[in-house]
Amino acid sequence: MADLDQLFEKLDRLDTALSWQDVKRRQPGPPPSDPERLRKILIAALALAVAAAGIFLALRAFVFAQGRPASLPLPSATSDVRPSPSPPPRGWVRHTDEAGVSIDTPADWTFNNDPVPALVEPAMLFAVGTGPVPTGGDCAPSPAIDGMPPDGALFVLQEYGSVQVPETGQHQPYEFRSRPDHFDLGPLLGPFECFGVEAHDVLFQDGGRFFQVFAMFGPDAPDSLRQEVEQSLDTLSVDPRPEDAQPLAECQAGKWTACPEAAWVYQVINEGQVSYLGHRGDEAILGIVGKRSFAIWTTSSLEDLPSVGCSSVADIRVCEVGDRLVWEAQGLLVWIEPAPSPYDSLRSTPGLPAGAGLERLVRASQRVRLAQP
Amino acid sequence: MHDARVSLGAESDLERLFEAEAKRIWRGLVAYTGDREVASDAMAEAFAQALARGDELRSPQRWVWRSAFRIAAGELKRRGRDQPMIESGYEMPDPPLDLIGALAKLSPKQRAALILRHYAGYSTGEIAQMLGSTAATVRVHLSQGRRRLRRLMEGNRG
Numbered sequence: 001m002a003d004l005d006q007l008f009e010k011l012d013r014l015d016t017a018l019s020w021q022d023v024k025r026r027q028p029g030p031p032p033s034d035p036e037r038l039r040k041i042l043i044a045a046l047a048l049a050v051a052a053a054g055i056f057l058a059l060r061a062f063v064f065a066q067g068r069p070a071s072l073p074l075p076s077a078t079s080d081v082r083p084s085p086s087p088p089p090r091g092w093v094r095h096t097d098e099a100g101v102s103i104d105t106p107a108d109w110t111f112n113n114d115p116v117p118a119l120v121e122p123a124m125l126f127a128v129g130t131g132p133v134p135t136g137g138d139c140a141p142s143p144a145i146d147g148m149p150p151d152g153a154l155f156v157l158q159e160y161g162s163v164q165v166p167e168t169g170q171h172q173p174y175e176f177r178s179r180p181d182h183f184d185l186g187p188l189l190g191p192f193e194c195f196g197v198e199a200h201d202v203l204f205q206d207g208g209r210f211f212q213v214f215a216m217f218g219p220d221a222p223d224s225l226r227q228e229v230e231q232s233l234d235t236l237s238v239d240p241r242p243e244d245a246q247p248l249a250e251c252q253a254g255k256w257t258a259c260p261e262a263a264w265v266y267q268v269i270n271e272g273q274v275s276y277l278g279h280r281g282d283e284a285i286l287g288i289v290g291k292r293s294f295a296i297w298t299t300s301s302l303e304d305l306p307s308v309g310c311s312s313v314a315d316i317r318v319c320e321v322g323d324r325l326v327w328e329a330q331g332l333l334v335w336i337e338p339a340p341s342p343y344d345s346l347r348s349t350p351g352l353p354a355g356a357g358l359e360r361l362v363r364a365s366q367r368v369r370l371a372q373p
Numbered sequence: 001m002h003d004a005r006v007s008l009g010a011e012s013d014l015e016r017l018f019e020a021e022a023k024r025i026w027r028g029l030v031a032y033t034g035d036r037e038v039a040s041d042a043m044a045e046a047f048a049q050a051l052a053r054g055d056e057l058r059s060p061q062r063w064v065w066r067s068a069f070r071i072a073a074g075e076l077k078r079r080g081r082d083q084p085m086i087e088s089g090y091e092m093p094d095p096p097l098d099l100i101g102a103l104a105k106l107s108p109k110q111r112a113a114l115i116l117r118h119y120a121g122y123s124t125g126e127i128a129q130m131l132g133s134t135a136a137t138v139r140v141h142l143s144q145g146r147r148r149l150r151r152l153m154e155g156n157r158g
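Protein chains in written order, with this note's numbering: chain A, 1 to 373; chain B, 1 to 158.
Don't read these hints as lab results, they were simulated from the structure.
Quick reminder that beta carbons are idealized off the backbone N, C-alpha and C, glycines included.
A couple of the hints might just be wrong.
[To be verified] Chain A is faced by these chain B residues, among others (derived, beta-carbon under 10 Å):
id	residue
1	E19
2	W26
3	L51
4	D55
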């Protein structure tokens, strides 16, 4: 498609004067409407009407006509509740998805093991809601989101099967932190493109598989509901990939970006408010502070820090080695060196972070725990 | 294409994104709408909304592209035309009017998908998220749009 890329380059001939001050002075209007969303709502409403009519006709045929209650089958969404080898908490039930993932939830919550069949990558393994969780939507469980009770919650588990494939996989292995002992949903983010609402977003890897949780709450949901959702996520159990297909195997083969240390560095730069610029080969993650772009990576801390050229940053000894900086954190040596940004459009120069930027990074490296696989 | 993940909440980071991306977004919007005024307005509004959201945005770059296109689409609809109006009289030599004219003959979704893919450099998955569609649907828009655009451009040359 190089011919089309070249053709579109002609647009670069267009020019105009743009002013950031104009943007700052502007009073933003209401958020842009999503025409697809309205269409989806209408389709969902129509589907509900058809379903309601169908249920009414079925009831009339089997219940009222025979004068006795019919034994209606359970909806398929809850039909795969299985007895558990180690029982879930009292009043909770265990649901097992075909993809080898199980989760415990309160018995009165709804589990749907194929909420968005149209979504192929990432696959949405299941959705759990305190209210109804109807199937449907293009890339998010739109009917379930629209129907979420004001005091309710809805969360979904997605699995990425094509991490590292540039065309479809938008994520790298290191963006998925190791599964925590206890889930913390973190801050409310978004609104997300597909979901159209704000949500808590947690990326994690478990058993060599890459997952993402989106959790949404109604405006009147009590704080205790968030704790229940986190408690439910803590019960997630994942069938692991074969060992030789896990990222750890790639890490052992020398690919640093597949190592848990890279996932830790990714967390550190996010905590340290460093803008993420991708990675350099298999060896380092790229970041930018101000206009200075740099590479960051780790080595084991078997070597000692140099005895000269060191200064204290956030009470940690940070040393200069050539044009690099190095310090110790979580039993590792953290290295940074100037590196060019991969984005031509970003005005930056290779350089080391300094002052408050460096301090944030060093502090974050002490704060974020390195999870062992 | 990765978003340069802008440090959350900082106005200066959005300003940097504006410096780096605003012209490309504006040009993409001109190609989409055929109207510089609509393009300027949609782009400024998208950045103003991003500014108002502060720390909430996870991928400001993608968010601004998507919002700007939605705002522009809304404006075209409000004016009663899904097809762009082709402006003449650009004050520059050899403006890409042939390309903008050919794009105007595509459906809005084909047009948006082609611009986001071939000018902005987004992947089909990202475009699907931006347009509220699926990757499979975007691939169809791209395939049909490419075929039609090539035919139209060849017609222009002939």
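Status of the hints after comparison with the structure:
A hinted interface residue such as E19/B counts as satisfied when its beta carbon comes closer than 10 Å to some beta carbon of chain A; here the least separation is about 6 Å, so the hint holds. The interface hint given for W26/B is met, as the beta carbon of that residue sits about 6 Å from the closest beta carbon of chain A, less than 10 Å. Taking 10 Å as the C-beta contact cut-off toward chain A, the hint placing L51/B at the interface holds, the least distance being around 7 Å. Satisfaction of the interface hint for D55/B is found here, the shortest Cβ-Cβ separation to chain A being roughly 8 Å, below the 10 Å cut-off.
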